[in-house]
Amino acid sequence: MATVKTHTFDAVIVGAGGAGLMAALYASRNANVAVLSKLYPTRSHTGAAQGGVGAALGNMEEDHWEWHAFDTVKGSDYLADQDAVDILCQDAIDVVIEMEHMGLPFDRFPNGRISQRRFGGHTNNETKKPVTRACHAADRTGHMILQTLYQQCIKNKVNFFDEYHVVDLIRVDDTVRGVVAIEIATGDFHVFQSKAVMFATGGWGRCWQVTSNAHSLTGDGAAICLRRGIPMEDMEFFQFHPTGIFKLGILITEGVRGEGGVLINGKGERFMEKYAPTIKDLASRDVVSRAIYLEVKAGNGVNGKNYVHLDITPDTVNHYFEKDGEKRRITREDIEAKLPDIADFTRTYLGIDPVQEPMPVQPTAHYAMGGIPTDVEGRVILDAANTVLPGLYAAGEAACVSVHGANRLGTNSLTDLVVFGRRAGKHMAEFCQEAELLPLPANAAAEVIAEFERIRHNQGSVKMFDVRNRMQTTMTEGVSVFRTDETISTAVSQLQELRAEYQNVGVQDKGNIFNSELLEAWELGCLLELAEVTAVSALARQESRGGHARDDFPERDDAAWLKHTLCHKVGEGEYQLDYKPVTLGRYEPKPRVY
Amino acid sequence: MQVNLRIRRFNPEKDSKAWWGDYTLDDVSRNDTVLDLLNRVKWEIDGTLALRRSCAHGVCGSDALRINGANALACKTLVSRLSSGAATAAIQIEPILGLRVIKDLIVDMEPFMDHYRSVLPYFINDSPPPADGRERLQSQEDRARFDDTTKCILCACCTTSCPSFWANEKYVGPAAIVQAHRFIYDSRDEGAADRLKVVGDTFGVWRCRTNFNCTSACPREIEVTKAIAEVKKVLATGEI
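Sequence order for the protein chains is A and B. Mapping to the working numbering: the first sequence position 257 is 257, numbers consecutive. Mapping to the working numbering: the second sequence position 86 is 680, numbers consecutive.
If you are wondering where the hints come from, they were derived from the structure by calculation, not from laboratory data. Treat the hints loosely; a few may be bogus.
The following label-pair restraints were derived from C-beta to C-beta distances [what the hints assert, rightly or not]: (1) A/Pro277 to B/Ser721: 25 to 33 angstroms; (2) B/Asp736 to A/Gln503: 34 to 42 angstroms; (3) B/Lys608 to A/Gly460: 21 to 29 angstroms; (4) B/Asp736 to A/Glu66: 17 to 25 angstroms; (5) A/Glu61 to B/Gln596: 40 to 48 angstroms; (6) B/Ala684 to A/Leu437: 54 to 62 angstroms; (7) B/Ser721 to A/Leu577: 18 to 26 angstroms; (8) A/Ile154 to B/Gly727: 20 to 28 angstroms; (9) B/Gln596 to A/Gly304: 29 to 37 angstroms; (10) A/Lys590 to B/Ser721: 24 to 32 angstroms.
All residues carry an ideal CB built from backbone N, CA and C; glycine is no exception.
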């Protein structure tokens with residue numbers, strides 16, 4: 001049995017991506033903060049974000065935060081809470097400028113201001129045409145945000161515990177006492193006693209077969225909260241990004257279409273003209289993913305397969321610019337300068353040069369709109385009455401504020417990270433000034449240590465790899481771009497079987513030092529639970545809205561379903577659904593046409 | 595095709611010294627990455643194999659390894675680049691050199707991170723930002739000046755391919771110099787003097803013998819040797 005060491009801080013932040021680091025910068029000004037991450041901070045998946053961070057700076061053309069807010073609400077299929085969206089879009093401007101002041105190397109317009117590009121669903125609300133709102137650093141904007149925030153944390157001497165894997169939350173009734181973590185390098189368990197805890201652990205795209213998400217995106221923070229009595233909000237809404245590299249799922253930024261790239265089916269047609277006559281290829285992601293799925297279903301995939309082409313070759317792009325009456329033209333050099341990483345990915349993994357040939361793409365599991373429910377200060381809430389659990393915070397993809405509702409707009413993930421990471425960090429520091437450090441319960445780590453010992457010494461012959469593969473197939477077949485009662489019900493029962501089989505997963509590595517097999521097995525448990533919550537929530541919602549498209553209920557049903565799902569875990573494999581109203585505001589729900 | 599994978603193994607809880615593990619994988623596609631192969635070994639053959647990995651497409655920097663004798667990211671190295679087109683290929687995988695091996699392919703990154711932190715790798719500008727509350731302006735030419743070195747993902751492929759680093763671990767190494775370059779050449783930054791003190795030290799840029807291993811190893815195709823030369827030039831001429 002490993003030893004348990006104890007540490008004491010005012011606040012513990014779990015996860016060191018954009019939200020965790022931004023929160024750390026702010027919270028550590030007025031509180032003693034520890035940041036725990038299962039990775040080195042710069043390995044976090046924020047670094048994989050490409051195209052831009054949305055903020056209505058208006059550097060190129062007229063723009064207003066209110067336009068950004070309307071686009072976000074419309075993009076969300078009216079499920080986002082409009083008070084939270086207002087905050088997102090107002091704070092976005094200030095926080096982007098703040099990051100520039102931190103040194104973030106944004107690309108520049110000729111006048112020296114931050115460069116902005118077009119992105120899906122972001123419009124001039126008067127002309128309905130795409131607007132340049134995505135502030136970018138080439139096609140590695142997330143990388144530059146992650147690096148810049150980490151650099152500032154080094155400058156400000158933030159306490160990091162790198163490669164500490166948090167595996168439990170210490171909650172006593174309605175108070176938070178800290179977390180339990182494993183020091184990966186030694187296998188030792190550590191208890192971090194604290195007044196406040198924040199989860200900024202990212203998403204769980206690894207529930208699906210084809211995903212843009214890192215291996216490490218296993219939803220640990222969300223699963224831990226679920227096990228400790230926190231409901232999960234709106235889990236049926238998971239975004240499938242329309243342009244993942246065929247079979248591999250690696251993200252091809254929407255910025256490609258922002259720069260003029262078009263989607264072409266097997267018949268050579270620019271099919272988005274049919275589905276979104278006004279903004280075509282720059283419609284919301286859910287709309288474009290469904291269009292690709294329908295094209296493939298109609299036999300219009302390329303070479304009869306389940307993919308279409310994304311074409312950024314200058315000849316094609318300029319042809320459509322001319323056809324659409326646009327003055328701009330692009331050159332090979334523009335593509336190399338604005339999309340260097342995309343060019344590198346397709347050359348490396350496909351042997352395809354995107355300045356000469358189109359790229360094969362298919363929808364890829366990308367982003368959790370749902371997650372740990374919070375208010376606009378990042379405080380975790382427990383129920384439909386918005387009861388706060390004092391001291392517990394969440395931000396970033398792991399959280400559901402909700403600003404993305406049923407479908408997130410491109411660039412709003414990075415905006416969400418920095419806006420709500422900052423708010424949560426500030427609020428957490430204030431909370432720590434007032435709150436007292438509460439005592440740890442006896443044997444605070446015992447329960448999770450027992451679970452790890454169970455997995456380590458399990459004599460079962462079930463292979464982790466096999467269970468994970470089958471979970472990913474189940475979710476891909478049953479709870480994907482389109483779903484029906486039948487497909488989701490099948491998924492629910494298969495996930496129940498997999499949960500039972502998981503109890504017999506054995507590991508070969510019985511050691512302590514860097515036992516990544518043991519940790520992967522534990523992560524699989526997180527994925528399985530979140531997959532089940534996703535399926536259970538999806539089965540209940542009998543309408544189509546944003547990323548949740550039901551073939552058997554093709555219309556949005558505001559009378560019955562303009563509400564957030566809250567899924568509580570009430571026992572092993574037992575879930576209870578509850579609902580809470582959407583906060584409306586200036587924008588009345590309307591049919592969504594692009 | 596078939597791949598004969600030879601992996602350097604070491605488990606400090608069991609082994610007194612490192613050994614070679616041999617694994618044969620069938621049905622390998624030429625488009626598989628080395629990370630795909632290592633995952634197959636770990637998931638299908640031997641769960642005790644330890645390696646770091648995360649994004650699996652060359653942007654997080656976790657899986658820097660020595661592959662057939664040259665540093666690269668496992669997730670960005672395709673089997674097709676390591677084989678001649680024959681039905682079988684032999685691939686040898688070792689941890690990167692010059693850092694202590696913790697277990698199998700995992701090395702202690704702390705000395706590398708210490709060097710990184712030593713060059714003050716953060717934006718320094720104590721002047722007040724513009725009074726209008728907006729961004730500091732920067733011309734496209736000034737922004738382009740340090741574009742290349744902003745790509746660094748701290749994977750350590752460069753530093754651990756450098757003979758000067760192998761010879762003396764106190765050498766700050768190419769990755770840390772790349773980070774210093776990123777700020778020294780940023781027109782908005784005011785910390786160049788402090789950074790130049792660090793990289794101009796005995797264990798700074800003058801240890802570089804321009805053998806270009808770093809440039810060849812960089813998975814982000816940063817011209818590392820050129821960046822080091824530019825920092826040397828600033829030290830020699832005092833002009834940025």
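These are the hints, each one checked on the structure:
no. : hint                                     : verdict
1   : A/Pro277 to B/Ser721: 25 to 33 angstroms : violated, 50 angstroms
2   : B/Asp736 to A/Gln503: 34 to 42 angstroms : violated, 60 angstroms
3   : B/Lys608 to A/Gly460: 21 to 29 angstroms : holds, 23 angstroms
4   : B/Asp736 to A/Glu66: 17 to 25 angstroms  : violated, 33 angstroms
5   : A/Glu61 to B/Gln596: 40 to 48 angstroms  : violated, 57 angstroms
6   : B/Ala684 to A/Leu437: 54 to 62 angstroms : holds, 58 angstroms
7   : B/Ser721 to A/Leu577: 18 to 26 angstroms : violated, 55 angstroms
8   : A/Ile154 to B/Gly727: 20 to 28 angstroms : holds, 26 angstroms
9   : B/Gln596 to A/Gly304: 29 to 37 angstroms : holds, 30 angstroms
10  : A/Lys590 to B/Ser721: 24 to 32 angstroms : violated, 48 angstroms
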